[in-house]
Structures are given as C-alpha cells and as structure tokens.
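K.L.:
Going by the working numbering, the sequence shown opens with residue 3, and the numbers climb by one from there.
Don't read these hints as lab results, they were simulated from the structure.
Incorrect hints may have been included.
[To be verified] Below, computed lysine-lysine pairings styled on DSS-like, alpha-carbon distance capped at 27 Å:
#	residue 1	residue 2
1	Lys-102	Lys-66
2	Lys-66	Lys-45
3	Lys-77	Lys-45
4	Lys-88	Lys-45
5	Lys-102	Lys-77
6	Lys-66	Lys-77
7	Lys-45	Lys-102
[Said to hold, decoys possible] Listed next, with one range per pair, are the computed distances between beta-carbon atoms:
#	residue 1	residue 2	range
8	Gly-17	Gln-115	13 to 21 Å
9	Ser-120	Ala-76	34 to 42 Å
10	Ser-120	Trp-55	36 to 44 Å
All residues carry an ideal CB built from backbone N, CA and C; glycine is no exception.
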Amino acid sequence: QVQLVESGGGLVQAGGSLRLSCAASGRTLSNVNMGWFRQAPGKEREFVARMVWNGMRYYADSVKGRFTISRDNAKNTVYLQMNSLKPEDTAVYYCNADLKGNYPGPYWGQGTQVTVSS
C-alpha cells in the first residue's frame, strides 16, 4: 500500500508558477513509477507527467517545456514544478503511484486545486 498526500495548489495569475508536492508513505519511492494527472471541470482525468524509477521523465505535449517532475528520495516526495501557467492548466491535480506507461496505477492522492486566472 502507498499513501499519497498532495499539497501546493492555489490561485495564480497566468504566466506564474506553482510547485506541487506529493508526500508518500508505505513504500520507498525510489523504485516506484510516479506521476501526476489532472482533471478539469467537465473533462476526463488526463496524464500530465511521470517519472520512471530509473529517472526517465515523460510529459504530456500540453505541458512539455513548462512543467518539470522531480523526486527527492530522502524525503520520499515527488514534485511538479509548473511554470508559465495558463488558464487551461486549471484543474485538480492528482499524484499517482505505480503507473504503467502513461496509464495510472492504483494509488491516488486526494488531489489539490490549481486555478490560473487570466
């Protein structure tokens, strides 16, 4: 079992930045595929970014070059640095563990709201 707790969401103006954190317990993240998904109102949950256990990173085309996923093994925490935010990035962001490719694994955090104003 993996327990995930996100933090760091909030309200920001377009062009601004936020950093989301996902603190994990129950397993060591250094050998777990971790990722972020988001769900905007009225839309399906979508893949945002993932980091494979060996350090490889993958991003959705819509966030490539603006978002960065990283991991601090000592803190057992995964981050999502979001720069140059756009109103269309507004969504609830979810941390996820044990991804298979870009498909989510069974472990989800509770989500954190990100709102980007124009």
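K.L.:
With reference to the structure, classify each hint as holding or not holding.
P.N.:
Hint check results:
no. : hint                         : result
1   : Lys-102 - Lys-66             : holds, 20 Å
2   : Lys-66 - Lys-45              : holds, 20 Å
3   : Lys-77 - Lys-45              : violated, 33 Å
4   : Lys-88 - Lys-45              : holds, 17 Å
5   : Lys-102 - Lys-77             : holds, 23 Å
6   : Lys-66 - Lys-77              : holds, 26 Å
7   : Lys-45 - Lys-102             : holds, 22 Å
8   : Gly-17 - Gln-115: 13 to 21 Å : holds, 19 Å
9   : Ser-120 - Ala-76: 34 to 42 Å : holds, 38 Å
10  : Ser-120 - Trp-55: 36 to 44 Å : holds, 38 Å
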